[in-house]
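Enquirer: Below, each chain spelled out in residue letters.
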Amino acid sequence: MQSTYQNQHKHGLKAVRITGNEEISPNVYVISWERTVGFEPGQVIKITADPQEPPRIYSICSGNKEDEFYVLFNVKPAGILTPRLATMKPGEEIYVSEPYGSFSCDESPAHCIATGTGIAPFYSMIRSGKFNNKTLIHGVSYANQFYFEDFLQKELGNRYIRCCSRETNGVHFPGRITEYLLGRDELPKGDKYYLCGQALMVVEVRDLLIQKGIPYGQIYAEIFF
Amino acid sequence: MDTSKEPLFGKTLKELTLVVADLGLPKFTALQITDWLYKKPVGSIEGMSNLSKKNRELLAEKYDFGTVLPTKVQVSADGTKKYLFVTGKHQFIETAMIPDENRTTVCVSSQVGCKMGCLFCMTAKQGFQGQLSAGEIVNQIRSIDEAASVSNIVYMGMGEPFDNLDEVLKSIEILTSDWGFGMSPRRITVSSIGIVPAMLRFLQESEAHLAISLHTPFDEQRKSLMPVQIAYPIAEVVEELKKFDFSGQRRVSFEYILFKGLNDTALHVKELSRLLNGIKCRINLIRFHPVPGTPLVSPDEETILHFKTQLNDRGILTTIRASRGQDIYAACGLLSTKEQNKEM
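So the protein sequences, as listed, match chains A and B.
For the first sequence, the positions run 1 to 225 when the working numbering is used.
For the second sequence, the positions run 226 to 569 when the working numbering is used.
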């Protein structure tokens, strides 16, 4: 029944063959397949391993000029999709939708704030060359969750801020993103703020930004659901 | 409730048929059990008096009756009540009962917390803690003091119903089946922010009314109020709705919370009438009830009435929802169990 309603919607699913599936950090994978359509960095895609199961939505993390789509996912042990996805090998089939959504940055100066795998849409923007005037703030629990750290450090330099809540090493800000933002004397009021992550992080950071005088019309959020 | 055992409450007739088959009980026992679960005021397997003692013992070995009484009730000056329930995962949810002259409406929760992150909603502030089962949804109707007089049900409490669609559809099946509560689906309204694939499935698999949280017809403005706009723009939601026939008894309505100086202008009236052109619907205007940390305020009564008049003049049936239970935080957008869940 579920496949019926999925196919009726314009984000219907089609089968693709996996070209790669690499564990880049404990329980976190990057899965890839050939790109046959264009997309805007920041867009999402629906994925399922079984067309009878409801698909889940993931941000694309590859650049829009790359030959393959890349998607970053962490394995949720009680989940239906990700434990299976983690075991899949190149050549096997998954079912994906066309890219859609409008979580896209314009040329304005912006702060892009993410926790965990919420970094994916911003990584896509960076790899697509669409991250001028922008600062990336990434929050994680442990230092090995700073996915793509070497690349980001090289690309962004001091526009790449890492907040690590459960480990300290003198390099990363020791604490949560909210603590980092609270400690900032002033945030640029003319900037846009893009948030991506779990609902609670999004509402907490948004409230904090508003409290610090950022107009809510300049805050955009991509939520996981 | 014995949480070590599986609850019977919340199971469909089909599921109960499997339960009785598994226990080696006669097939008709399933229908007898639905009577006790959904039609009669008992709360234990022991109370299922038309089942033999032996069969009740067999059932009780593996199953619990499954209803849960509220742990707290608050009563508003206007008669609205807010009930607090504990879920099977030891989290809290809230339910509002709104009495009126001719009806008793129950506003049920479908999730613990919410993932949708709407700027104007108190439930969003607690993030998402979990899904409710169909039994936990229907229990919010079965286990309140007014259970026998409930006339209308709205899925407008905590959570996004279309993010828990399987359980929401199952709960509607229990509420509307002859073997269940036997309610008309026209007494049930499910409110959503418009997750399109789930909305389409809901429209196909249920006959209940639909309410869509609209709040502004403008794309950029809606993105800043409701992150879901990024994935499922309201224009797409409305485009899909136009493919369905709402000229009969089934109703689609749009909820519109008014925010002072933000979405209460003549421009919004014009764009709303353009957006909704060609769809038989109504707009339900809602007064904003301020939540902490949100820079939004409600316009004055004159503006609200003027907005309503302008929409009605353009041929869109528009009503203003009465604010109920505001003094006990039971009104629209104010439900939250953040503090209680922290304490668990």
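It should be emphasised that the hints constitute simulated quantities derived from the structure, not laboratory data.
Warning: the hint list may mix true and false statements.
To be verified - Pairs of lysine-lysine residues, derived as DSS-like cross-links and limited to a Cα-Cα distance of at most 25 Å, are as follows:
id, chain 1, residue 1, chain 2, residue 2
1, A, K189, B, K287
2, A, K212, B, K297
3, A, K212, B, K395
4, A, K212, B, K485
5, B, K395, B, K265
6, A, K14, A, K130
7, B, K297, B, K239
8, A, K192, A, K212
9, A, K76, A, K130
10, A, K130, A, K65
11, B, K287, A, K76
12, B, K252, A, K192
13, A, K14, B, K314
14, A, K76, B, K314
15, A, K189, B, K297
16, B, K533, B, K350
17, B, K314, B, K287
18, B, K350, A, K76
19, A, K130, A, K154
20, B, K314, B, K395
21, A, K89, A, K76
22, B, K533, A, K192
23, B, K340, A, K76
24, A, K14, A, K76
25, B, K314, A, K212
26, B, K533, B, K395
27, B, K350, A, K192
28, B, K297, B, K563
Said to hold, decoys possible - Listing some non-contacts, in silico: residues in chain B with all C-beta distances to chain A over 10 Å:
id, residue
29, D403
30, K448
31, I455
32, N502
Think of the CB as a built atom: it goes at the ideal place given N, C-alpha and C, for glycine as much as any other residue.
Enquirer: Check the structure against each numbered hint from earlier and tell me which ones fail, lowest number first.
Expert: As far as the earlier hints go, 1, 2, 3, 6, 7, 9, 11, 12, 13, 15, 16, 22, 25, 26, 30 and 31 are violated by this structure, in ascending order.
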